[in-house]
Amino acid sequence: MKKIQFADQKQEFNKRPTKISRRSLSRSISQSSTDSYSSAASYTDSSDDETSPRDKQQKNSKGNADFCIKNIKQADFGRREIEIAEQEMPALMALRKRAQGEKPLAGAKIVGCTHITAQTAVLMETLSALGAQCRWAACNIYSTQNEVAAALAEGGFSVFAWKGESEDDFWWCIDRCVNVEGWQPNMILDDGGDLTHWIYKKYPNMFKKIKGIVEESVTGVHRLYQLSKAGKLCVPAMNVNDSVTKQKFDNLYCCRESILDGLKRTTDVMFGGKQVVVCGYGEVGKGCCAALKAMGSIVYVTEIDPICALQACMDGFRLVKLNEVIRQVDIVITCTGNKNVVVREYMDRMKNGCIVCNMGHSNTEIDVASLRTPELTWERVRSQVDHVIWPDGKRIVLLAEGRLLNLSCSTVPTFVLSITATTQALALIELYNAPEGRYKQDVYLLPKKMVSAPTHQRRRLLFLLEFSIVCCCSSVSFIFKKYETVARAFPMEVCFNHKINKIICDFLSHILDFFFFSKL
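Taking the UniProt record's numbering, the leading residue of the sequence shown gets 1, the next gets one more, and so forth.
These are calculated hints, taken from the structure and not from any lab test.
Nothing here was measured: the structure is a model prediction, and the numbers come from that model.
Treat the hints loosely; a few may be bogus.
Straight-line distance between alpha carbons at most 27 Å, and here's what the computed DSS-like set of lysine-lysine pairs gives [claimed, not checked]:
{"hint": "1", "residue 1": "Lys232", "residue 2": "Lys248"}
{"hint": "2", "residue 1": "Lys339", "residue 2": "Lys201"}
{"hint": "3", "residue 1": "Lys232", "residue 2": "Lys209"}
{"hint": "4", "residue 1": "Lys103", "residue 2": "Lys339"}
{"hint": "5", "residue 1": "Lys264", "residue 2": "Lys109"}
{"hint": "6", "residue 1": "Lys248", "residue 2": "Lys264"}
{"hint": "7", "residue 1": "Lys229", "residue 2": "Lys208"}
{"hint": "8", "residue 1": "Lys109", "residue 2": "Lys232"}
Taking the hints into account, I'd like the entire structure generated from these sequences.
Given below as structure tokens:
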């Protein structure tokens with residue numbers, strides 16, 4: 001079969017990476033490791049050092065060498081990024097400040113596999129402050145910010161990740177986190193299910209001491225449900241992805257802001273007057289549509305769910321079938337999480353210059369494999385931007401090779417991630433401290449299980465969660481008189497302000513009460 005080449009680089013797409021070119025040509029075939037990619041704003045993206053970190057001997061300032069990263073010398077820069085992120089993550093910082101005295105995770109040994117960014121670093125340092133020991137790998141071969149990994153390694157964390165890992169590097173890093181003499185994890189924090197899969201496949205006996213799994217992504221949650229259905233899930237698991245605090249905040253507001261950022265950074269496109277079709281009107285699709293409409297774009301929506309379709313109509317968007325508008329639209333955005341939403345047939349009919357990108361979790365929404373054929377030419381324009389050229393000269397602009405646009409080509413809002421990270425921390429606390437028998441070998445939703453806990457523990461968790469959300473919305477440390485009784489159970493100082501943001505807090509209180517108690 002004829003190799004597909006970049007017109008400018010003259011490099012074969014299917015060329016097996018050599019040791020020297022591993023960073024630039026590596027590709028992972030792991031399902032979740034290719035679902036989404038990192039911030040394009042990483043300081044080390046253009047690093048000239050092509051030596052594999054596996055071939056380096058590095059130590060931090062304290063002589064510790066239990067890590068594998070790109071360059072430990074970038075630690076100071078990474079520390080400044082983490083400090084900036086802390087300012088935009090008030091919920092997580094509030095949880096750290098108020099719970100670190102009690103050390104609710106004392107004795108916890110958490111092995112994590114998530115995107116290693118400044119926001120994740122704040123989460124890791126919070127877990128450490130609450131008493132946990134952490135070892136971490138990246139859930140994605142492109143998601144690591146090298147300078148942040150360096151800062152974590154300098155701070156004593158065992159981090160095994162760098163931007164541009166090969167497939168072999170990816171699994172090697174996970175194995176180094178798990179397989180270490182004298183240290184065995186008792187909690188798992190996963191994003192995509194690769195870490196859980198690796199332990200299940202290589203070290204199944206470890207599950208005898210693992211108390212639970214906290215999973216963030218759609219892909220990972222599906223894997224957990226498959227294990228549960230087959231009777232192979234060995235420990236309780238928390239489904240953070242479908243929790244209210246992630247769905248209603250992270251999925252909606254994060255995508256509403258980052259979609260524009262990703263498109264602007266990669267294409268410099270003007271949105272006013274552009275015709276855009278958004279495939280899917282879930283929380284991600286709602287955010288994308290709202291942002292594009294506000295910028296003056298003409299937005300069409302495709303949706304198979306009747307409720308979501310009705311919502312799109314009520315919000316003023318025109319419902320269409322993709323084949324009705326595919327010839328005329330300027331931008332195609334997928335937000336469904338399904339497979340082969342935009343197939344070769346549709347791309348053959350797109351007009352010249354059409355921008356195609358994905359905002360859903362899976363990288364299979366756009367059938368990119370069908371474009372890797374001899375008659376089409378791939379031209380690399382810039383990082384994460386490819387022109388796919390047809391024999392007649394028509395070209396489409398493919399962003400991030402069909403992978404998650406915002407994490408690949410731009411950044412995501414730190415502020416809203418504070419809520420998701422706090423939810424992850426609370427899920428770890430709940431699973432780790434739950435008495436034996438409360439949770440079976442099944443997958444649970446965090447809010448519902450909060451309600452089923454004993455009264456004092458339920459009120460404690462609800463207080464922390466409400467306090468975290470209030471901090472995110474108002475950026476001040478306060479809570480109302482309404483929670484004074486609950487607050488007295490905590491060894492902390494709480495400042496009550498009865499006037500500032502009272503309306504916001506009451507509203508959030510009613511929302512939380514509805515979601516937590518209405519379905520009992």
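Each hint, compared with the structure:
1. Lys232 / Lys248: Given that 27 Å is the threshold and the Cα spacing comes to 31 Å, the pair is violated.
2. Lys339 / Lys201: 26 Å, holds
3. Lys232 / Lys209: Between lysine 232 and lysine 209 the Cα gap is close to 16 Å, so the pair holds against 27 Å.
4. Lys103 / Lys339: 43 Å, violated
5. Lys264 / Lys109: Judged against 27 Å, a Cα distance of about 41 Å means the pair is violated.
6. Lys248 / Lys264: It holds: about 25 Å lies between the C-alpha atoms, which stays within 27 Å.
7. Lys229 / Lys208: 20 Å, holds
8. Lys109 / Lys232: 23 Å, holds
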